[in-house]
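Novice: Okay, here's what each chain looks like letter by letter:
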Amino acid sequence: MPKAAGDAKLLIQSLSKAYAATPTNLKIIDLYVVFAVATAVVQVVYMGVVGSFPFNSFLSGVLSCIGTAVLAVCLRIQVNKDNKEFKDLAPERAFADFVLCNLVLHLVIMNFLG
Amino acid sequence: MARRLPPLGALLIFLAAVVAPLSYAVRPVSDAHRSAAAELFAASTDGSLGDLESTYEAVSTFKILGVQKDKKLAGKACKLATDTLSASSSPAKDLFHAGRIAAVLGCSVDAGVYDDVASRLKAVIKDTNSLLEFYYSVGGLLSLKEQGHSVVLSDADSTFHAIKALSQSDGRWRYDTNSAESSTFAAGIALEALAGVVSLSDAEVDPSMIGVVKNDIAKLFGSIKSYDDGTFYFDEKHVDASEYKGPITTSASVVRGVTSFANVVSGKLNVPGEKILGLAKFFLGIGLPGSGKDCFNQIESLSLLENNRVFVPLILSLPSNVLSLTSKDQLKVEVTTVFGSAAPPLRVNLVQVLGSDSKVVTTDSKELQFDLQNSLHYLDIAPLKIDVGKYSLFFEISLQDQEHETVYTTGGRNAETIVVTGLIKVDKAEIGIAENDAGTVESVEKLDLLKGTQVSLSANHLQKLRLSFQLATPLGRTFKPHQVFLKLKHESKVEHLFVVPGSARQFKIVLDFLGLVEKFYYLSGRYDLELAVGDAAMENSFILDLGHLELDLPEAPEKAPRPPAQAVDPFSKFGPKKEINHIFRVPEKRPPKEVSLAFTGVTLLPFIGFLIGLMRLGVNLKNFPSLPGPAAFASLFHAGIGAVLLLYVLFWVKLDLFTTLKYLGFLAVFLVFVGHRALSYLSSTSTKQKTA
Numbered sequence: 001m002p003k004a005a006g007d008a009k010l011l012i013q014s015l016s017k018a019y020a021a022t023p024t025n026l027k028i029i030d031l032y033v034v035f036a037v038a039t040a041v042v043q044v045v046y047m048g049v050v051g052s053f054p055f056n057s058f059l060s061g062v063l064s065c066i067g068t069a070v071l072a073v074c075l076r077i078q079v080n081k082d083n084k085e086f087k088d089l090a091p092e093r094a095f096a097d098f099v100l101c102n103l104v105l106h107l108v109i110m111n112f113l114g
Numbered sequence: 001m002a003r004r005l006p007p008l009g010a011l012l013i014f015l016a017a018v019v020a021p022l023s024y025a026v027r028p029v030s031d032a033h034r035s036a037a038a039e040l041f042a043a044s045t046d047g048s049l050g051d052l053e054s055t056y057e058a059v060s061t062f063k064i065l066g067v068q069k070d071k072k073l074a075g076k077a078c079k080l081a082t083d084t085l086s087a088s089s090s091p092a093k094d095l096f097h098a099g100r101i102a103a104v105l106g107c108s109v110d111a112g113v114y115d116d117v118a119s120r121l122k123a124v125i126k127d128t129n130s131l132l133e134f135y136y137s138v139g140g141l142l143s144l145k146e147q148g149h150s151v152v153l154s155d156a157d158s159t160f161h162a163i164k165a166l167s168q169s170d171g172r173w174r175y176d177t178n179s180a181e182s183s184t185f186a187a188g189i190a191l192e193a194l195a196g197v198v199s200l201s202d203a204e205v206d207p208s209m210i211g212v213v214k215n216d217i218a219k220l221f222g223s224i225k226s227y228d229d230g231t232f233y234f235d236e237k238h239v240d241a242s243e244y245k246g247p248i249t250t251s252a253s254v255v256r257g258v259t260s261f262a263n264v265v266s267g268k269l270n271v272p273g274e275k276i277l278g279l280a281k282f283f284l285g286i287g288l289p290g291s292g293k294d295c296f297n298q299i300e301s302l303s304l305l306e307n308n309r310v311f312v313p314l315i316l317s318l319p320s321n322v323l324s325l326t327s328k329d330q331l332k333v334e335v336t337t338v339f340g341s342a343a344p345p346l347r348v349n350l351v352q353v354l355g356s357d358s359k360v361v362t363t364d365s366k367e368l369q370f371d372l373q374n375s376l377h378y379l380d381i382a383p384l385k386i387d388v389g390k391y392s393l394f395f396e397i398s399l400q401d402q403e404h405e406t407v408y409t410t411g412g413r414n415a416e417t418i419v420v421t422g423l424i425k426v427d428k429a430e431i432g433i434a435e436n437d438a439g440t441v442e443s444v445e446k447l448d449l450l451k452g453t454q455v456s457l458s459a460n461h462l463q464k465l466r467l468s469f470q471l472a473t474p475l476g477r478t479f480k481p482h483q484v485f486l487k488l489k490h491e492s493k494v495e496h497l498f499v500v501p502g503s504a505r506q507f508k509i510v511l512d513f514l515g516l517v518e519k520f521y522y523l524s525g526r527y528d529l530e531l532a533v534g535d536a537a538m539e540n541s542f543i544l545d546l547g548h549l550e551l552d553l554p555e556a557p558e559k560a561p562r563p564p565a566q567a568v569d570p571f572s573k574f575g576p577k578k579e580i581n582h583i584f585r586v587p588e589k590r591p592p593k594e595v596s597l598a599f600t601g602v603t604l605l606p607f608i609g610f611l612i613g614l615m616r617l618g619v620n621l622k623n624f625p626s627l628p629g630p631a632a633f634a635s636l637f638h639a640g641i642g643a644v645l646l647l648y649v650l651f652w653v654k655l656d657l658f659t660t661l662k663y664l665g666f667l668a669v670f671l672v673f674v675g676h677r678a679l680s681y682l683s684s685t686s687t688k689q690k691t692a
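As given, the protein sequences belong to chains C and D, one line each in that order.
Per UniProt numbering, the very first residue in the first sequence carries number 1; after that it's consecutive.
Per UniProt numbering, the very first residue in the second sequence carries number 1; after that it's consecutive.
Hint data in this document are derived by calculation from the structure and do not stem from the laboratory.
Source: prediction; values computed, not measured.
We treat Cβ as the ideally placed atom computed from N, Cα and C, and that holds for glycine.
It is possible that part of the hints are untrue.
[Claimed, not checked] Which bits of chain D does chain C cover? Going by a derived footprint, with three or more residues having C-beta under 8 Å, they are:
| no. | region |
| --- | --- |
| 1 | 174-185 |
| 2 | 188-202 |
| 3 | 584-595 |
| 4 | 634-646 |
| 5 | 677-686 |
[Stated by the list, open to error] The calculated lysine to any residue pairs, modelled on SDA-like cross-linking and capped at a C-alpha distance of 25 Å, are:
| no. | chain 1 | residue 1 | chain 2 | residue 2 |
| --- | --- | --- | --- | --- |
| 6 | C | Lys84 | D | Leu682 |
| 7 | C | Lys84 | D | Val653 |
| 8 | D | Lys688 | C | Leu89 |
| 9 | C | Lys81 | D | Met615 |
| 10 | D | Lys589 | C | Gln43 |
| 11 | C | Lys81 | D | Lys589 |
| 12 | C | Lys27 | D | Gly609 |
| 13 | C | Lys17 | D | Gly476 |
| 14 | D | Lys662 | C | Cys101 |
| 15 | D | Lys593 | C | Lys17 |
| 16 | D | Lys688 | C | Lys17 |
| 17 | C | Lys84 | D | Leu523 |
| 18 | D | Lys71 | D | Ser291 |
| 19 | D | Lys622 | C | Met47 |
| 20 | C | Lys27 | D | Arg616 |
| 21 | C | Lys17 | D | Leu614 |
| 22 | C | Lys87 | D | Ser291 |
| 23 | C | Lys27 | D | Leu621 |
| 24 | C | Lys17 | D | Tyr681 |
| 25 | C | Lys27 | D | Tyr681 |
| 26 | C | Lys27 | D | Ser686 |
| 27 | C | Lys27 | D | Asn623 |
| 28 | D | Lys593 | C | Lys84 |
With the sequences and hints as input, model every part of the structure.
Specialist: Here is the structure:
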């Protein structure tokens, strides 16, 4: 058991060391994804505790968070310089796509919010 | 006897209902109109009679009808009028109504105020080309003149021409030079205004123009509408016109215009007397009006017709439409003016009597006697040999004095409907039980229906019940009432109603119980027999208990219809119904407010974490462009995104999807433009850095 714990500790340490090398702009995106998912989790917990009465409101709240997180992940894939696939794509173009998709997503979300 | 009262009461109500429509026949203005007017023009809680127009209508109607109203009301109306007259900003319409109120009530107004009002109204006349403005200002000046203030319209000829210029070739008028619509109501107003101009003028108005207007009036009366009972009325040609006012207001306007025009010009107007009489009948036929405006129009028009220079209509009416043969009622006829004043000496002839089926009863002309004391024309109906029933009587009125024929109009023939009632003789009443085959009568009892003898019969399902009787009018003819019913009522309150068919000689019903067992629900036992005979013209309508019948019917087979459930109390049918309980959706369960608010706070925690994380990463805004141009575009880009998000919030709060999309379209174009500039600048700087 202690050995396993030590392994896990080692694993996490190596992971965090490797992660430290990630460029700051990708870290910002990661942070944003974490923030969005955390907000979604809070809402799911609320539904679990209280009930799903305005169900459309709950759905739109959670989908807003998940949707924007997915979009952020897409942004991250496109911005990451290690992804050769998107080498020709300027990060500014990727960001513009992200903004546009978010605006469309939230128009739908607002319509659904009721 | 008490038990019989409800049916008797019902019969009486039926009788009243049958006779009531007849009493709607034309009658002169009476006290009923006075109380109706007092009710319609009741003062509101603050003691006023409403706005200027309705106040004028109220005081004018009261004056014509001679209804006394308390001084306070008159004082209030006077104050309203004088305030309006002395206010310098009142339009011509208000001055017109206020002037007329002052004229009707005799309010004391300063001569100086009137001078001012007169000059203002004259200025309006000079400038306007609208018919209503002419009408209001000329009418206003006229009301000043009525109160003894000297008013002279110096350019009467040109005003007359200006109003006449609005007339159409069919005798109707337009409201102003721009409107294409011509209206009958406007024609009435224009004629009244023209009459006002003539009476205000200091010199004589061009007689040829007056002749032209007289011609217009004749044409206007060509477009009058009528009912087939001799009633005439005016209405607009196109009822969908923008200023449509309805036949009462339109007819009143024309009557007002024509009578006032006839009063100020010399010579007679070429208007047929029967149309004037028809108009009077139209206004009287309204009966008691439903609104203050209708009441005013009715009463004022009738008062103008009562005394006018065209023709004074004389109305023939019957004080009572129901004549009884039993009490030897006389046929009484009144001929009066519309307000019930006595007519000049005249003769009334009864020229034709039609039965209910338009069959001519008599065409002998009979002159009615005149009773000077009650100013009634009367005739004994006995020599006419008319029986009970409903009749149309046709009268002809002829004035005794030839000179009166140019003053009064009586119309050619006047039709009136009457009901003659009498006692109906019931004869040869027989009731009995017959065997089914060939009708060998087993037991027949003679009945004296009017004395109320009771029979007791018994029968089985192979036998028949026979009832026969004869009804005769006082003149000995067979009488066929509206209702002849035989009612069989079982102990269990199941009732069966049979119409007793009548032939030329007698009424006879045969109830074959073999064919009726199913209808009787196989209910054996005692049935009460009741005979009801009723008619509006029958003075002795009756509902009689004939006795009872012991009926022996076979046992009910299994599938026989069950008798309907009888209400315990027949009146409970009309009692209060069971209260209706509405089922509503149960509201969803909601958490306490505190829990929801707490979770709202909790959703903010990740955001705070996000901000802290950003700080830990050392995020900065160094990449934000520093040159003024790109910086402006970058800020506008962010502002644009903010604006779109704000629009979304508004969409959530109040806007609908279409409005949102409209604004979003504009914002998107702006955002694409600004965003493109901002991001391409960033992209170019970053590539520069790379290459450098």
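Novice: Hint by hint, where does the structure go against what was stated? Just the numbers, ascending.
Specialist: 1, 2, 7, 11, 13, 15, 16, 17, 19, 22, 24 and 28
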